[in-house]
Amino acid sequence: MRFLTKINRNYLVPMLTVLFILSGAGYFVLRVISNYGARERLLSTEYLVGRQIRERGTVPSLYPLIEVRQTENEPEIVPSFKKVTIRNEIEGENEEFLEYTSKVNISGSWYLLKIRQSTIENEDLVLILAFTLLLLLAAALTISYFSTHRLNRTVWSGFEKNLHAIEEYSLRINQEISLQKTGIEEFEKLNAIIAGFTEKIRSDYTMLKEFTENASHEIQTPLSVALLNLEEILQEDINEEVFKKVVIAINSLKRLTALNQNLILLTRIENRQFETVAEININRMIHSKKEELSLLIEAKGLEFIVHEQGDFNVRMNEFLAEILIGNLLSNAVTHNIPKGSINILIRQDFLRICNTGESHSLTNDNIFNRFVSSRPKSSGIGLAIVRQICDTHHLDVEYTKGDLHCFILKPKR
Amino acid sequence: MKILIVEDEVELLVAISNYLTKETYICELAENYAKAEDKLASYEYDIILLDITLPDGNGLTLIDRIRRLQKNAAIIIISAKNSLDDRILGLDQGADDYITKPFYLSELNSRIKAVLRRRQFDGTHLVTFNEITIDTESRSVTVKGNTLIVTKKEYDLLLYFLINRNRVLTKEAIAEHLWEDNIGSADSFDFIYTHLNNLRRKIRMAGGADYVKTLYGMGYKFSGQ
Numbered sequence: 001m002r003f004l005t006k007i008n009r010n011y012l013v014p015m016l017t018v019l020f021i022l023s024g025a026g027y028f029v030l031r032v033i034s035n036y037g038a039r040e041r042l043l044s045t046e047y048l049v050g051r052q053i054r055e056r057g058t059v060p061s062l063y064p065l066i067e068v069r070q071t072e073n074e075p076e077i078v079p080s081f082k083k084v085t086i087r088n089e090i091e092g093e094n095e096e097f098l099e100y101t102s103k104v105n106i107s108g109s110w111y112l113l114k115i116r117q118s119t120i121e122n123e124d125l126v127l128i129l130a131f132t133l134l135l136l137l138a139a140a141l142t143i144s145y146f147s148t149h150r151l152n153r154t155v156w157s158g159f160e161k162n163l164h165a166i167e168e169y170s171l172r173i174n175q176e177i178s179l180q181k182t183g184i185e186e187f188e189k190l191n192a193i194i195a196g197f198t199e200k201i202r203s204d205y206t207m208l209k210e211f212t213e214n215a216s217h218e219i220q221t222p223l224s225v226a227l228l229n230l231e232e233i234l235q236e237d238i239n240e241e242v243f244k245k246v247v248i249a250i251n252s253l254k255r256l257t258a259l260n261q262n263l264i265l266l267t268r269i270e271n272r273q274f275e276t277v278a279e280i281n282i283n284r285m286i287h288s289k290k291e292e293l294s295l296l297i298e299a300k301g302l303e304f305i306v307h308e309q310g311d312f313n314v315r316m317n318e319f320l321a322e323i324l325i326g327n328l329l330s331n332a333v334t335h336n337i338p339k340g341s342i343n344i345l346i347r348q349d350f351l352r353i354c355n356t357g358e359s360h361s362l363t364n365d366n367i368f369n370r371f372v373s374s375r376p377k378s379s380g381i382g383l384a385i386v387r388q389i390c391d392t393h394h395l396d397v398e399y400t401k402g403d404l405h406c407f408i409l410k411p412k413r
Numbered sequence: 001m002k003i004l005i006v007e008d009e010v011e012l013l014v015a016i017s018n019y020l021t022k023e024t025y026i027c028e029l030a031e032n033y034a035k036a037e038d039k040l041a042s043y044e045y046d047i048i049l050l051d052i053t054l055p056d057g058n059g060l061t062l063i064d065r066i067r068r069l070q071k072n073a074a075i076i077i078i079s080a081k082n083s084l085d086d087r088i089l090g091l092d093q094g095a096d097d098y099i100t101k102p103f104y105l106s107e108l109n110s111r112i113k114a115v116l117r118r119r120q121f122d123g124t125h126l127v128t129f130n131e132i133t134i135d136t137e138s139r140s141v142t143v144k145g146n147t148l149i150v151t152k153k154e155y156d157l158l159l160y161f162l163i164n165r166n167r168v169l170t171k172e173a174i175a176e177h178l179w180e181d182n183i184g185s186a187d188s189f190d191f192i193y194t195h196l197n198n199l200r201r202k203i204r205m206a207g208g209a210d211y212v213k214t215l216y217g218m219g220y221k222f223s224g225q
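If you read the protein sequences in the order shown, they are chains A and B.
Heads up: the first sequence begins at 1 in my numbering, then just goes up one per residue.
Heads up: the second sequence begins at 1 in my numbering, then just goes up one per residue.
Don't read these hints as lab results, they were simulated from the structure.
Being a predicted model, the structure only gives us computed values, none of them experimental.
Keep in mind that the hints are not guaranteed to be accurate.
Stated by the list, open to error - Lysine to aspartate or glutamate pairs mimicking EDC-like chemistry, simulated, CA-CA at most 16 Å apart:
{"no.": "1", "chain 1": "B", "residue 1": "Lys22", "chain 2": "A", "residue 2": "Glu292"}
{"no.": "2", "chain 1": "A", "residue 1": "Lys300", "chain 2": "B", "residue 2": "Asp190"}
{"no.": "3", "chain 1": "A", "residue 1": "Lys254", "chain 2": "B", "residue 2": "Glu107"}
{"no.": "4", "chain 1": "B", "residue 1": "Lys22", "chain 2": "A", "residue 2": "Glu236"}
{"no.": "5", "chain 1": "B", "residue 1": "Lys153", "chain 2": "A", "residue 2": "Glu292"}
{"no.": "6", "chain 1": "B", "residue 1": "Lys221", "chain 2": "A", "residue 2": "Glu232"}
{"no.": "7", "chain 1": "B", "residue 1": "Lys221", "chain 2": "A", "residue 2": "Glu292"}
Claimed, not checked - For the chain B half of the interface with chain A, some residues (derived, Cβ under 8 Å), not all of them:
{"no.": "8", "residue": "Glu9"}
{"no.": "9", "residue": "Ala15"}
{"no.": "10", "residue": "Gly94"}
{"no.": "11", "residue": "Asp96"}
{"no.": "12", "residue": "Tyr98"}
{"no.": "13", "residue": "Pro102"}
{"no.": "14", "residue": "Leu105"}
{"no.": "15", "residue": "Arg167"}
{"no.": "16", "residue": "Glu172"}
{"no.": "17", "residue": "Tyr193"}
{"no.": "18", "residue": "Val212"}
{"no.": "19", "residue": "Leu215"}
{"no.": "20", "residue": "Tyr216"}
{"no.": "21", "residue": "Met218"}
Said to hold, decoys possible - With the C-beta cut set under 10 Å, the calculated list includes, among others, these residues of chain B facing chain A:
{"no.": "22", "residue": "Tyr43"}
{"no.": "23", "residue": "Tyr104"}
{"no.": "24", "residue": "Leu169"}
{"no.": "25", "residue": "Lys171"}
{"no.": "26", "residue": "Trp179"}
{"no.": "27", "residue": "Thr194"}
{"no.": "28", "residue": "Gly217"}
By construction, the Cβ of each residue, glycine as well, lies at the ideal position given by its N, Cα and C atoms.
Turn these sequences into a full structure, and let the hints guide you.
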């Protein structure tokens, strides 16, 4: 529900209710007042009738308004008001009257008085009241409807534009968010908060980016120093035991280097810092990566089969595409058995890489997690990078195992 | 050969310069942008090893200055940044090659030699060791005057050995030189044996001596002694 609709509903509903109740009450009060006035008039007519009989000795009669009858005895009635219906001979229809019945004793004679007054004028009054009420309600609703529209166009337009600006805002553009001035205190306050907020996020984002770059520099420099010095120790006249220890130290440091580079890469992908995209043909990528890995494939004596039933094209960063396919393929090679096989199927929007390999407990749910690996020597970061690349490029990657270990790559539905 | 090394990490600077001095280069050191600028203004260099990330300036802008002041100097960028953009930017600005930290000193040596050969500073494109000669222009190998038919990998391997003669090289360093990044996922580097043994056999058949020493199954040394 839009803000204004909500306000209107919250405002109009009680207002209409109060209006209804007040008009209802007004109607009843008016009825009581007019009733009271009618009775007063009937009583005053009774007095005038009595006075005319007493002073002039004539008995007035004006049917159906005034009806006087002389009686021999005192009429057995108590003066009272009641409603009666009398047929109007001229108009030929029944009319409602308020009737006052009383008795007077003038010079020893008893008279029975019936004085009436039409109630039609009262009914008319009520009708006018109801009509006015209806007009009032209709006017209130119409005004509210048009003012909502006007407010939407004027007061709220700035707010809506700013909402749109926030929706469209991207950290990667590295610009301050531009919000329109609305001239309304509350909205200006909101704008100030949002501007401050995005500025904070932007500076954090920039810091994170810089951290990634600095971390690479800071970690790799000491690694370089250690490696260069170890390499120089190897050149000295050392015995076999020391030689082997130094080589192991060098190789461990090299693994640490690779791990560090991969973690930095992972962060850079997460931060979407690879923006240049091109149309990448996965078929071509598979062939070029196969060439690069041919040495390892031959060394393990693997059978490498590629079935191409169509072209798989993706819009993505070329460097990331190389890493994506490279990691999947080298995964299929590394976790393979000697004299095993790698089967690749490429169709339109579909890639499946299957390889023979030893069974392990990893599943689709955890094989892509960081630092998860079936073998102690691998860091378990290659497939985490694969999934990170897929997540940022509308791709789906899935792992299944049966006789063969298979990875399926396709666009996200 | 005179080399200027621009690197803000002093320990790295010293390690590189010690090694290059042993390799008979004359090394000058600069640990920041300002010092590098000073040196470039007063002396001529054959090679400049340049770290991009310096505390007081961007190494990339220094390339411009070098190209204006010393047209003939070869530039090799050293950087921890493994970003593709920096590499392309550096090469676009006129750097000759690019090496990322951490690297093997033998790899650095091989890059320096390659750059020098390309710029013909040695006045020759021949690399010789006793009876073995490599012509880097025609990419051919001769042993005692007989042309050796070698594969691309065998050629690269032999050149690497000749450039880094008398130096202990681990299997990993050799693998990284020949196959670059694609080798990271290998379980073992035993496949180097195949290429090395083929090469040794070919040299022997052509009447050459076997100069390759195996060190405890973990490394090799190409040496005449």
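Would you settle whether the hint for Trp179 (chain B) is holds or violated, based on the nearest Cβ-Cβ distance to chain A being less than 10 Å?
holds, 6 Å
Satisfaction of the Gly94 (chain B) interface hint, Cβ to chain A closer than 8 Å:
violated, 23 Å
Thr194 (chain B) as an interface hint toward chain A, with CB separation required under 10 Å:
holds, 8 Å
Distance restraint between Lys221 (chain B) and Glu292 (chain A), which requires alpha-carbon spacing of 16 Å or less
violated, 27 Å
Classify the hint on Glu9 (chain B) as holds or violated, based on whether any CB of chain A lies nearer than 8 Å to its CB.
holds, 5 Å
For the hint on Tyr104 (chain B), does the least C-beta distance to chain A fall short of 10 Å?
With a minimum Cβ separation of about 6 Å from chain A (threshold 10 Å), the hint on Tyr104 (chain B) holds.
Holds or violated: are the alpha carbons of Lys22 (chain B) and Glu292 (chain A) at most 16 Å from each other?
violated, 35 Å
Cut-off 10 Å, beta-carbon criterion: hint that Tyr43 (chain B) touches chain A:
For Tyr43 (chain B), the interface hint is violated, since the closest Cβ of chain A sits about 25 Å away, which is over 10 Å.
Would the pair Lys300 (chain A) and Asp190 (chain B) pass a check requiring their Cα atoms to be no farther apart than 16 Å?
holds, 11 Å
Does Gly217 (chain B) pass the interface hint, meaning its C-beta sits closer than 10 Å to a C-beta of chain A?
Interface hint status for Gly217 (chain B): holds (9 Å vs cutoff 10 Å).
So, as I understand it, the hint says Glu172 (chain B) touches chain A; can you test that by seeing if any CB pair is closer than 8 Å?
holds, 6 Å
Is the hint on Leu169 (chain B) kept, meaning its closest Cβ partner in chain A is under 10 Å away?
holds, 9 Å
Going through the hint list in order, the structure does not satisfy hints 1, 7, 10, 11, 12, 17, 18 and 22.
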